[in-house]
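A.B. asks: So you can see what is in the structure, the chains are spelled out below.
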Amino acid sequence: MKALGLFSSTAITQRVVPAVAGLFVGAFLVGPVLAQAPQQSVTMWSHWPDEQSKRGFIEERVKVFEAATPQCKVNLQFIQKADLYASVKTSVRTGQAPDIFWLEPDEIAFAKSGFLEPLDSYINLNNLEDWARQSWGHNGKVYGLPVEAYTVELYYNKDLMKKLGVTLPATMQLAQAQFTDMVKKSAAAGITPVASGVGDRPYPGAYLLQEVLLRKLGLDDYRALLTGKLSFNDPRVIEGMNWVRELVDAGAYPKSFSSLKLGESHYYFHTNPGALMFPIASWYTGRAFVPAEKGGQPQGFQLGLMKYPALNDSKCPECKTLAVGGSYVMYAKSKNKECAGKLLNSMATVENGNKWMETVLLQTGVRTDPSRIQSIHAQYFKDLQERSVGAKFFIGTPLHYMNGKCGDTFSQVLNRAFPAGLISVKDAATQMDAACKATS
Amino acid sequence: MANSTPSSGPKPKWRQQLDALLEPPEADSRRTSWPTLMLFLAPALLVYAALTAYPVVRTFYNSFFIISDASSTEFVGLAHFVDVFKDATFLAAVRNTAIWSMVAPFFDVATGLLLALCLYAGVPLSRFLRVAWFVPVLLSYVVVGIMWVWIYNYDWGVVNVVLRNLGLGHWVHAWIADPKFALPALMVTHAWKWAGFNMVVCLAAIHSLPSEVLEAAELDNCGWWDKLVHVIIPMLWPTLLNLYILAFIGKMKVFDLVWVMTEGGPIWSTETVSTYVYKRAFNWNTFDLGYPSAIAVVWFFVVIGFVVFFNLLFRRRERLEY
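Which chain is which? The protein sequence lines are U and E, in order.
Numbers 158 to 597, taken from our numbering, label the letters of the first sequence in order.
Numbers 250 to 571, taken from our numbering, label the letters of the second sequence in order.
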């Protein structure tokens, strides 16, 4: 019978022996591979789908990591911030969140609620700047890898400035009256003085006001204001708000301000219709320093960087906002913590900090060695550094300090309604006090 | 009988009742036994329990807790419900939703009826128009929202461009950026999207009107306006009421369009209860699910209350179908 035939002596010689030998040879060849730890697949969600330089930087780091760590595979996805936040806020509760995801420090509630893994034992914290570590600190632990950091800057179009006949002083900081005149002159010439849009973000409309208030109040009182310990009806705050309202009434912002999205406001500034100034964080480069056909600023665009004006009798004209932006965090319930930790650690090096600055032209919370940085945008980078020489930094933006009702009111009132001229100074201050004092 | 064999003694009462329950009644061939019934019902019931009943029950349960932590909850009793009624943003959202739910359905139904009458009257290109007017119903709210954000754009939106070209530049507005116009602008967009649906329903109802009544009206030299007001609309009344109530209930839950176009702004002028619940649950940088659950529970009872109210109001007059 055929079944018995399998066990006949000939069959054993012809079939079983080669098979067993094959098994041994196979085991010899495959053994080392099998002996290794099973491959882990790390899921990573990142913002910046439309910011090519940042996206390219992250993709390159992941590629290098995968080549150096064969047992770890990374499933990297780029998702718009709003969609990413909506997804992770749901999925962290259900245990379905990715191993690594993108967050900003205003979402420290993730750590407070126990959804994030402390990174202290995974990455070399000595490679992070002290202020950046503090931004992600909670209960003495560090919860985020602060890849992106930024200062709040005031960009301007040098050509339009020349056209208006305005010459900036050597300090690059205009006085209150000079700035007002410039805005009025620009509006009269049919040039939108300040490009800004709040269609999809809760903060850009307040940049001008927040920087003015920071300089007027100084570091301590400004912190007190953001944490509900100083009233928005303080005379100095009201003075700042009155001045911004004067600019608004002079036509400082675009009429489409409320529906203009962040990406569109970049285009509005540098391409069509063009605006004199653009108050935005230094991550301007992420969208602007790409080819014009991909939405970047036109070739030869004369980009300038000036300081925010200081109101008369400002306590700290040299003050400036410095903040941690996009960071990567590890999910507390991740099943691939080993690989996720290795990936984050591989990104947290001085070498990668330098690469980030060279390619993205933006600050980082990872330590850097500026002497080794080379870039085709060296002049821009030099200007950016010069604008911060002698500056006193306030760490964090208003939304890093405000949450819940207070943050929502900031977004609706100071970010949207106030710069659009829809609400009076008194009403805006009263609404902010009502929302923020209750939650302080 | 299956439940009595010669060898067995009398069965206990509970067993007899169980057997009677499990046995298919022979008198009515349309009925079957409970196990068979359950076999067919179980999949649907399981899906319903998992995806509808459980989330509802869980929302009710959550509304009595603060749930902001990954591992712990804090019982707060009725505190969330007390806070809800003191919450200015919630009250603004209720006001906006109420205005939208009460007022907008009139426009929706009127527009649908008007379009249906145009088609019924046989306007030129009526076949094309029927399809064209129905197309917005097939579009998602996201597409509609983005389109209308462009249409309302201050600088280059169609509305303002037309106004400027007509010499009506002083009427130009940032339509969805001004608290006075934002909610009406959204209501217009919503009416545009659903006009086609209302049109189809009205058209079907008009075609099913008894022709002898319409012919009798014509024989009596009834003009088109009188025929519309005194004959057609009264006979369409049940359909129009149903459309109104459908629109009303839909608008009590409106979310997508608002989220895409205004996110509830400016200064909460287009905030609806649904967008506020979503913001509190997922958009604020807090993790508490308890408070948004309390809002959802309150609103659940408000919607149920209105449904009961409409049922009572129209029970004896019309038969509602929704």
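Hints should not be assumed to be uniformly reliable.
Said to hold, decoys possible - Straight-line C-alpha distance at most 30 Å; calculated DSS-like pairs for lysine-lysine:
| hint | chain 1 | residue 1 | chain 2 | residue 2 |
| --- | --- | --- | --- | --- |
| 1 | U | Lys220 | U | Lys472 |
| 2 | U | Lys594 | E | Lys528 |
| 3 | U | Lys298 | U | Lys583 |
| 4 | U | Lys246 | E | Lys429 |
| 5 | E | Lys262 | U | Lys562 |
| 6 | U | Lys418 | E | Lys528 |
| 7 | U | Lys246 | E | Lys260 |
| 8 | U | Lys246 | U | Lys319 |
| 9 | U | Lys238 | E | Lys528 |
| 10 | U | Lys341 | E | Lys528 |
| 11 | E | Lys335 | U | Lys412 |
| 12 | U | Lys386 | E | Lys502 |
| 13 | U | Lys269 | E | Lys528 |
| 14 | E | Lys502 | U | Lys490 |
Hint data in this document are derived by calculation from the structure and do not stem from the laboratory.
Just so we're clear, the structure is a prediction, and the values are computed from it rather than from any experiment.
A.B. asks: Which hint numbers does the structure go against, in order from smallest to largest?
C.D. replies: 1, 3, 4, 5, 7, 8, 10, 11, 12, 14
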